[in-house]
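A.B. asks: Make a model of the complete structure from these sequences and hints.
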Amino acid sequence: MIIFLLILSIFGTVFCTDLEFSRYRSAEQYKCGSFMPDANGRKADVVLTFYYQSIDQFISFLSAPFPHQDLLTKKALTGDLEELQNSVETKYWQWLEWQKGWIIASLSLLAFSVFFVFSYILYKICSCCCSSSSKKQTTDARYDGCKRSLCNLLLFGLIGLNAFVAFTLMMTSQYAQFGLDELPNRMNQCIDDLNVYKRDNDMRIRKLLIEDYQMLNSTINTQLSSAGHNVVDRVKKLTGAHVIDVFLNVSKVAQEMQTDLEYVNDKIRFLNEEGARFEAEFSRLKNTANAELMNCIGEEMEPVKSMCTKAERLLDSLAVTQFKIDPKFISSSTQNALTEIVNANISRVLGESNAQFERLETTIQHEIDKETHFAQNMLKQIGDDLFVVAETISTQLKQVNFEPLYNSVSYVSDPKKTPTMKYIQYSWYVSLVVTGLFVLLAFCFLFGILYGIFGRRPTYYNDDCCVRTTGSKFFSCGIWIFLLLFVFLAFATAIILFVMGNATNLVCQPMRNPLSRPDALSLAERYIEIWKETHKPTNDVEILLEQKTPAEVIRACSRNETLYDMFDFDKKYHLNQLKEFEKESYNQLQVFLKSTMEKMPDIRPLDALISRSELSDLEKLATVNVTKFSQQGLNAIKHAMDELDLISKTREFEESLNVSSGKPKAVSLVLEQINELEAQFAKPLRSRLNALYENITTLDQKLTQLQVPVSSLLVKLQHAQALLSENMKDHFSRGAKEEFENMIANVDKYIEHVKIQMQTEVTSCRPLAEIAKYTTAAVCSYTVDPFNGTWMCMLICLILLVPITVISNSLIGLYSKMHAFPKYIVEPPSESHHMSSFITDTYDTRPKPGYANYTYTDDYQRTYRSRKMGSTVRASHLTATSSSVAEAKGPSVFDILAQENLATSIRPALQHLVKYLAIFKPKTFVTVHRNFDEFYLLFDLMLENYYLKNYGASFTENFYSMKRVHTKTGKSPIDGRERVMSLITLVGWPYVEDKLNKLYDRLKEVYEIRTWASIKDIPSKLKKLFVIIWPYIKSCIKAIKSALQLAYILNRSSIHSPWLYFAGVVLKHLTPEDLESFNSVPLHLKTGFFNRIWRFILGLPGLVSRMFAYGLFFVQFLDYMYNTDLGGAGLKQMAAGIVTPPPPPHRMILKESEVLSLDTNKCPICMKQRVNDTALFVSGYVFCYTCINQYVNTYQKCPVTGCPATSQHLIRLFV
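Residues -16 to -1, 1 to 1199 (mature numbering (1 follows the signal peptide of the UniProt record, and there is no 0)) are what the sequence shown spells out, left to right.
Keep in mind the hints are simulated off the structure, nothing from the lab. Computed from a prediction, not measured in an experiment: that's the story for all the values here. Where hints are given, some of them may not hold.
[As the list claims (entries may be wrong)] No more than 25 Å apart at the CA atoms, straight line, and that leaves these computed lysine-lysine pairs for DSS-like:
1. Lys182 to Lys15
2. Lys15 to Lys757
3. Lys700 to Lys236
4. Lys182 to Lys757
5. Lys721 to Lys604
6. Lys1022 to Lys899
7. Lys700 to Lys364
8. Lys520 to Lys182
9. Lys721 to Lys612
10. Lys982 to Lys899
11. Lys364 to Lys555
12. Lys988 to Lys1022
13. Lys75 to Lys58
14. Lys622 to Lys604
15. Lys721 to Lys733
16. Lys979 to Lys1022
17. Lys733 to Lys555
18. Lys289 to Lys308
C.D. replies: Structure follows, in structure tokens:
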């Protein structure tokens, strides 16, 4: 039954054109709100919005309505300065009454600032006078601790709040400056939107009155041109004769189905042949590839073997055993049914009946065509009237000019035309200065309270900065800065408060909620009256615009009225009552259409539609059974398409492979053959199968059109034959009337469409409301409100700084209180110190006089103090004694780490240098680059041999003022077996270790995965054994080295490395005697010309070594650049054109020989006793923390050795 109704809806529907008007799409977008958070996908700051709203309420509390009618005359409103001055002079009490809230607030702030400053200064003067006559108490009085804790807690809260407000001030001031800079651009965008609104409404009017009417005209003409066909179809529908069309369609579909089925069968036979070819090619590929894959699986090892196994599984999964499509998609009963329908020859049986209706269509359409020109002329006349209305409205809209608004914005924002803008350009700098002052005050008090809470009590000793009195200094600094600036900051706050508060009251609040401000609305009405007096309306539109007040316009917009209705433009253009305005034309159109449709020709009854014999032939079709195509066959086609998708399967296979070691040749060959098979056979087959599937699906849908209830249709056909044999004219008159009513309904639909558009869309208030909203946001929310936030933050900061100042003044005295009983501290005493150090103090070994109050009176043994001194020297790098005859001491841990770091950085840095030279000079340096290990071995052997022979140490050990001492002889290994053993450990072992590491890395990938059972030859077994045991050997060496280093740090071993034990030496610091012997010249070479030449020749190796030492800085720089991110950052800076300023030149404080002769507790920079001992990692020397931190941050080098250094290389010592 559902199928039957569907067929009736398809073939029994009247062929009339439904009138549908397209929606208007604007060609331009509004830009005024592009800066809003919603337009940019950002969320508004809820906290900042609440802050601004709170300030707005505060402004409303201080403000009063503007009595402009009492204060300003019309001349004053037009900008007459004399009239304005006269109003201020004569009505100043009224002006003061209006501004009393802001005047009181501003003057109160100024008066309080002056009063507080003078009061505090007077209080400090009195306090100084009173304290000078009394003895100052240096320890806590009763309840001082409680006072200090309570004040700290209260002050910490106030300072935290002040710091938060200061940073809020920084944020709002920048927002205000940015909003002020962007305000002209945003205002111009809003004025652009007004022009867009004007053009948009112009296009809407044109579309509504011209394009939409043309669509109506075209629809009615189409209906008139096909009126004969439509009337006959309506008659068929009324009488049931449309059954003829149903049977004719069934016959047509059956004939098409037979033709299409023959085409599908041919395609299936062709695809089966192609599938057989594909199977043959795939079988050949599989047989060829299986042999190679089996060979790969039998001979190769993992992971190559697993790849070949996966490839074999891939071939098995791709195998299509039977590619054959069954051509019997349709059942034999359906094929027989199609044959019966075709053999029934329905087109012959019902052809004559259908021809009678076609002749009626032609006759009726011929009569209608004779009368259509009258209706067409009337439609054209109405269209011309609407075109005139559209042109009139368009002309009126084009006369609206927003150029004065552009000129106003340009005039105000131009510094050359507006003198105020010259100073506003510098407001950003002023805001930064003011904000910086508040932030400075916040930081002063913040640091003060932090030092007061976390700092130590002051003492009589040489305290560092981490004491409470440092907080007192910060408090004093902050207090006096605040007192110095309080009046000026209060004056600036009062000015901004007065100006921006009135701007919010007069501009922003009326713009945000105009109906709540009658004074602002009345002021706008006065300006409109002044404009009316000076401006004469030039057209009817301006006359209508002058009839509404601003309050009426705002209320009408809130009711979503259009400007067309708001200003009663319908009295002029009558678009809301278009039927009444065009009543005469509309009535004539109705008459013409009615007469056209009523003038029907004489229609006689039709002959018999179908005879009894033909009816019996058609009744045989009732037994016809039409079924759909086999779903199993369609699923088989889909399955074959999926099986032929070779690419997706091979892609999954390739993604599962681990190709880090490369693909086997057999696997690569299989993939290449599969890709070739895909391109030649699989892909064309898939496309043909897809086309076949779509064709069969289309035929399946056509079969539903053949499933019709034949018996019921024949009954309807007999009924139609009875109706058409009599009352023929009545049926056609009824069909013509319905067609006429359809035409008139389309005309009424257009009239209603015009009315709805004019009342809702055309000249709508919504875009204007949005433009007003965004304009208000640009002026107020993004410019005035941040300024309000700025002065409010300044006001809150000033208010908070008053109790902060009072409490801080109280805490200054409380912070200076010391302990009632001094606590002992470990501090290096000076020569003139009046107190002894502790007996465990190891900073100085000179005897101290005993004081019973602070330490023991008897002195400890020198040997004990020396032993304690030795352990401390190792930890803090006190490298030389104060006496030239003192015993040489061992180097500190920092010396050793620095020496080892330098030794390991020379090789990679030189390798980078050789690599760079090989790139730019390949002919010269490519051989050196390829054999770098051997060349470096030779270079290192010569270098270390020279230094061992002349200085008794390696190059890096001599660089850090160390020497090697043989454990048995006590002398340096400058010759003989001792020097050879040192060369083996310095040169030979690093070379061998590097080669073994490279060999391990090369063999690791192969022999880690190979099992012992798969290895047959002895060399391979040795390689496998090496890969296993070499990591354990390295771990053992590292463990022994770490244990020796730990024992060295704990003073339990004299060596820190097993290679020193193998060489039979220990490391000691160079003594002044060693340095003097290096620089001494033999007596027989001190005089004589030839002796000097010979001395110069003998000194060449030393000169070269010294040059190499200086070049070592560049070597370390290369290694640092290649092993850190600084090189990449430098390249980025060079690409961006950023030139980093060079560091200041290095300033050498002392030479190493001079530093070694200093006292062990002296700082090499300030030459005073060290405070807060700090070691520099790159050189091992110890300094005061303040001295070395300042020097390293300035020069980025060690002050003694000149090695590159940063603050990260500083190590604080606590011994």
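A.B. asks: Each of the hints needs a verdict: does it hold here or not?
C.D. replies: Taking the hints in turn, this is what the structure says about them:
no. : hint              : in the structure
1   : Lys182 to Lys15   : 14 Å, holds
2   : Lys15 to Lys757   : 13 Å, holds
3   : Lys700 to Lys236  : 21 Å, holds
4   : Lys182 to Lys757  : 18 Å, holds
5   : Lys721 to Lys604  : 39 Å, violated
6   : Lys1022 to Lys899 : 30 Å, violated
7   : Lys700 to Lys364  : 44 Å, violated
8   : Lys520 to Lys182  : 22 Å, holds
9   : Lys721 to Lys612  : 43 Å, violated
10  : Lys982 to Lys899  : 18 Å, holds
11  : Lys364 to Lys555  : 24 Å, holds
12  : Lys988 to Lys1022 : 21 Å, holds
13  : Lys75 to Lys58    : 16 Å, holds
14  : Lys622 to Lys604  : 38 Å, violated
15  : Lys721 to Lys733  : 18 Å, holds
16  : Lys979 to Lys1022 : 18 Å, holds
17  : Lys733 to Lys555  : 22 Å, holds
18  : Lys289 to Lys308  : 36 Å, violated
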